[in-house]
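Sequence order for the protein chains is P and B.
Positions in the first sequence are counted from 1; adding 163 to them yields the numbering used here.
Positions in the second sequence are counted from 1; adding 202 to them yields the numbering used here.
Treat the hints with care, as some may be off.
To be verified - Anything over 10 Å on all C-beta distances counts as not near chain B; from chain P, calculated:
| id | residue |
| --- | --- |
| 1 | 183 |
| 2 | 193 |
| 3 | 214 |
| 4 | 234 |
| 5 | 247 |
| 6 | 252 |
| 7 | 264 |
| 8 | 297 |
| 9 | 301 |
| 10 | 307 |
| 11 | 308 |
| 12 | 321 |
| 13 | 351 |
Said to hold, decoys possible - Just some of the chain B residues that point at chain P, by a computed CB distance under 7 Å:
| id | residue |
| --- | --- |
| 14 | 225 |
| 15 | 255 |
| 16 | 262 |
| 17 | 264 |
| 18 | 295 |
| 19 | 296 |
| 20 | 311 |
In short, the hints are calculated from the structure, not lab data.
Don't be surprised by glycine CBs; every beta carbon is placed ideally from N, CA and C.
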Amino acid sequence: MEITARSLWTMIHGMGFGALYLMACSGALVELHRRYGSPLRPAIEVSDERFLRIYLIAMSVLAWLTVLTGAYIIYPWYRAVPPAGGASLAAFPQRLLLSSPATSGWHYIGMEWKEHVAWIVPISITMAASVFVRHGRNLKSQPELRSAVLAFVWVSLLAAGIAGFFGAMINKNAPVEGGATLRLVAGATR
Amino acid sequence: MSPLHLTAYPKARNFPNGGGAAAILAAGIGAFLVAAFAILADKIAVIKSLMIFYKPTGPLSGVTTCAIAAWLLVWLVLHTFWRSRMVDMGRVRTAALVLLILGVLLTFPPIADVF
Numbered sequence: 164m165e166i167t168a169r170s171l172w173t174m175i176h177g178m179g180f181g182a183l184y185l186m187a188c189s190g191a192l193v194e195l196h197r198r199y200g201s202p203l204r205p206a207i208e209v210s211d212e213r214f215l216r217i218y219l220i221a222m223s224v225l226a227w228l229t230v231l232t233g234a235y236i237i238y239p240w241y242r243a244v245p246p247a248g249g250a251s252l253a254a255f256p257q258r259l260l261l262s263s264p265a266t267s268g269w270h271y272i273g274m275e276w277k278e279h280v281a282w283i284v285p286i287s288i289t290m291a292a293s294v295f296v297r298h299g300r301n302l303k304s305q306p307e308l309r310s311a312v313l314a315f316v317w318v319s320l321l322a323a324g325i326a327g328f329f330g331a332m333i334n335k336n337a338p339v340e341g342g343a344t345l346r347l348v349a350g351a352t353r
Numbered sequence: 203m204s205p206l207h208l209t210a211y212p213k214a215r216n217f218p219n220g221g222g223a224a225a226i227l228a229a230g231i232g233a234f235l236v237a238a239f240a241i242l243a244d245k246i247a248v249i250k251s252l253m254i255f256y257k258p259t260g261p262l263s264g265v266t267t268c269a270i271a272a273w274l275l276v277w278l279v280l281h282t283f284w285r286s287r288m289v290d291m292g293r294v295r296t297a298a299l300v301l302l303i304l305g306v307l308l309t310f311p312p313i314a315d316v317f
């Protein structure tokens with residue numbers, strides 16, 4: 164059982180940081196709505212407030228790790244240009260997608276949307292974390308501030324979902340492969 | 203109201219909302235700038251080449267770096283002016299959400315290609 168270094172990095176970016184962000188975002192939305200949705204709800208404990216602060220900061224770190232690994236580690240492999248002389252396109256995902264009308268849309272719409280909309284995620288969640296760190300429980304008595312933060316977190320979930328969906332589909336149609344091969348488990352022949 | 207409730211909301215109503223409002227409006231501006239810089243780099247060849255900060259990543263490196271730098275700068279300026287003030291959060295929220303939604307929509311290639 165083997166995996167290439169580029170494939171491993173793609174998994175770390177998408178299934179590690181990206182998918183974890185999506186799950187964490189769902190949890191944050193539930194928690195923010197449940198505890199901060201109404202001023203009539205019970206008071207928030209100091210320990211709960213501290214937990215949500217740490218949770219949102221961790222989400223910000225995840226979001227930044229996702230976009231930075233995507234843009235500066237994986238994207239250069241994705242958009243690499245093959246050398247002149249008819250090299251196989253298998254190691255050049257963007258060129259492979261563009262070589263067929265059946266797959267070019269995954270680049271023109273999928274990648275071009277994903278590569279930009281994904282950056283709205285760390286901007287939104289960093290803002291949400293900073294507002295929460297600053298206002299904490301006071302958000303409960305400031306409905307307009309609270310609803311704005313919640314809207315940004317919802318949009319960050321949407322943007323991360325768009326980026327995650329297209330990332331998965333692009334990697335399915337033209338996987339980022341290459342680099343050193345890492346052997347995970349020695350296989351047996353039957 | 204129990205003592206627990208009294209300790210749970212310290213000075214909540216008097217706490218200035220300016221710091222939060224600055225962060226929210228700056229985030230809306232930042233989201234919009236990601237899309238605006240991406241469109242400019244896509245449509246104007248000179249800007250596209252200027253946006254190549256890191257060659258393997260191409261213009262995306264400059265587009266996102268400029269948007270992030272502008273977002274942080276706007277946040278710093280707004281925070282400096284608003285941090286100890288009560289601002290009209292309704293208007294700030296509306297402006298920020300309009301900018302955020304525009305940012306998402308304008309990064310969608312069929313809409314970006316209209317320009």
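Restraint check, 7 Å cut-off on beta carbons, for residue 262 of chain B near chain P: Given a least distance of 6 Å, the restraint on residue 262 of chain B holds.
Given hint residue 311 of chain B near chain P, where the shortest CB pair must fall under 7 Å: holds (5 Å)
Restraint check, 7 Å cut-off on beta carbons, for residue 225 of chain B near chain P: holds (5 Å)
Interface-negative label, residue 301 of chain P against chain B, beta-carbon threshold 10 Å: Given that some Cβ of chain B is not farther than 10 Å from that of residue 301 of chain P, nearest at about 4 Å, it is violated.
Given as non-interface: residue 351 of chain P, which should sit over 10 Å from chain B by C-beta: Its Cβ never comes within 10 Å of chain B, the nearest being 39 Å, so this holds.
Given as non-interface: residue 297 of chain P, which should sit over 10 Å from chain B by C-beta: Violated, since 5 Å does not exceed 10 Å.
Satisfaction of the residue 296 of chain B interface hint, Cβ to chain P closer than 7 Å: violated (9 Å)
Hinted contact residue 295 of chain B with chain P - closest CB pair below 7 Å: holds (4 Å)
Closest CB of chain B to the CB of residue 193 of chain P still more than 10 Å away: holds (21 Å)
Restraint check, 7 Å cut-off on beta carbons, for residue 255 of chain B near chain P: Hint violated; residue 255 of chain B Cβ to chain P Cβ min 11 Å, cut 7 Å.
Non-interface label on residue 321 of chain P, tested against every C-beta of chain B at 10 Å: Violated, since 7 Å does not exceed 10 Å.
Closest C-beta approach of residue 264 of chain B to chain P relative to 7 Å, hint status: Result: violated, 11 Å to nearest chain P Cβ.
When each numbered hint is compared with the structure, violations occur for hints 4, 8, 9, 10, 11, 12, 15, 17, 19.
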